[in-house]
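Trainee: Keeping their order, the protein sequence lines are chains H and S.
Counting in the numbering used here, the first sequence runs from -19 upward without gaps.
Counting in the numbering used here, the second sequence runs from -19 upward without gaps.
In short, the hints are calculated from the structure, not lab data.
Remember, predicted model here, so these are calculated numbers, not experimental data.
For every residue, glycine included, the Cβ atom is placed at its ideal position computed from N, Cα and C.
Misleading hints may appear alongside valid ones.
Partial list, derived from the structure: chain S residues whose beta carbon lies under 8 Å from chain H [as the list claims (entries may be wrong)]: (1) 34; (2) 53; (3) 96.
Stretch by stretch, here's where chain S covers chain H in the computed footprint (C-beta under 8 Å, at least three residues) [said to hold, decoys possible]: (4) 22 to 31; (5) 34 to 43; (6) 53 to 66; (7) 82 to 95; (8) 100 to 109.
There are 2 protein chains.
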Amino acid sequence: MVIGPHPNRTVALGFIDALERRDWSALENLLDPGLVFEMPQSNERIRGRDRYVQFNREYPGEWHLAAKRVVVDDTDGVVLFDWRVGDEGGDAMTFLTFVGGRLATITDYWPEPYAAPPGREHLTEPIGPSRPLG
Amino acid sequence: MVIGPHPNRTVALGFIDALERRDWSALENLLDPGLVFEMPQSNERIRGRDRYVQFNREYPGEWHLAAKRVVVDDTDGVVLFDWRVGDEGGDAMTFLTFVGGRLATITDYWPEPYAAPPGREHLTEPIGPSRPLG
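The shape of chain H in the complex, shown without the other chains (with noise of 0.2 Å):
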């Protein structure tokens, strides 16, 4: 017997495909009508699929998404992507929850890179030089 992935699994990891690949029809059938989409550190939502869609057509400027790590359970997930605009690029996270295999709740994070705090170079090293939001 051959258990397959998660099939939340396979709804997170198409989201994010469906997004790079701006195929607005797969990203709708992945989407609750009744979708709320959030943005804590901006303190915005989006209520319904359409406006969502809409939302992710009218965003500006040539972002690619590549999702990193996935996590999901019966009800809940989450998916590390990496993002790039041109030479700009780090770590965004979405946390998902899935109603009749569809997406019910988009909750996205982005967070921005910081210089490290003084006073623990004692115990840390550079995760790398190339890699700031590696």
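Could you slot chain S onto chain H? The hints should help.
Mentor: Frame of chain H; chain S shown alone:
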């Protein structure tokens, strides 16, 4: 038959709880000796359980942590948690990997609030007046 929570969920929640309680021996018991801790935003890595415990013991401030969402599978996990230091606070998240029931890697992200970019007010509403990092 009662199916309890995934054992890795118990580890993930116990990790946040041990930090909150400053229970350093409970924390140590949840960590693989070869633990690797990373903070990609500041490009910092800490190698080893002992140094990671020391980092937390020495971390300044009256900080408090409380788990909000947990997702785990057999190898990976994520905890979204609320942090508080005095009147300040917000959401942060830690990505975990598990080996033999202990944490093998911990990767923290600490997102900051930012102003909502203009041009999407036709789609968005505030999440709430009093919870900018909801």
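Trainee: All the hints need checking, so say for each whether the structure fits it.
Mentor: Comparing the hints with the structure gives:
A least Cβ separation of about 6 Å between residue 34 (chain S) and chain H falls short of the 8 Å threshold, and the interface hint therefore holds. The criterion of a C-beta within 8 Å of any C-beta in chain H is met by residue 53 (chain S), whose closest approach is roughly 6 Å, and the hint holds. Because the smallest distance between the Cβ of residue 96 (chain S) and any Cβ of chain H comes to about 4 Å, under 8 Å, the interface hint for this residue holds. Coverage of the stretch 22 to 31 of chain H by chain S holds [criterion: at least 3 residues with CB-CB distance below 8 Å; count 7].
Counting residues of the stretch 34 to 43 of chain H whose C-beta lies closer than 8 Å to any C-beta of chain S gives 4; at least three are required, and the coverage claim holds. For the stretch 53 to 66 of chain H, the stated coverage by chain S holds: 5 residues have a C-beta nearer than 8 Å to a C-beta of that chain, and at least 3 were required. A count of 7 residues in the stretch 82 to 95 of chain H with a Cβ less than 8 Å from any Cβ of chain S is obtained; the coverage claim is therefore met, three being the minimum. Counting residues of the stretch 100 to 109 of chain H whose beta-carbon sits less than 8 Å from any beta-carbon of chain S gives 7, enough to reach three: the coverage restraint holds.
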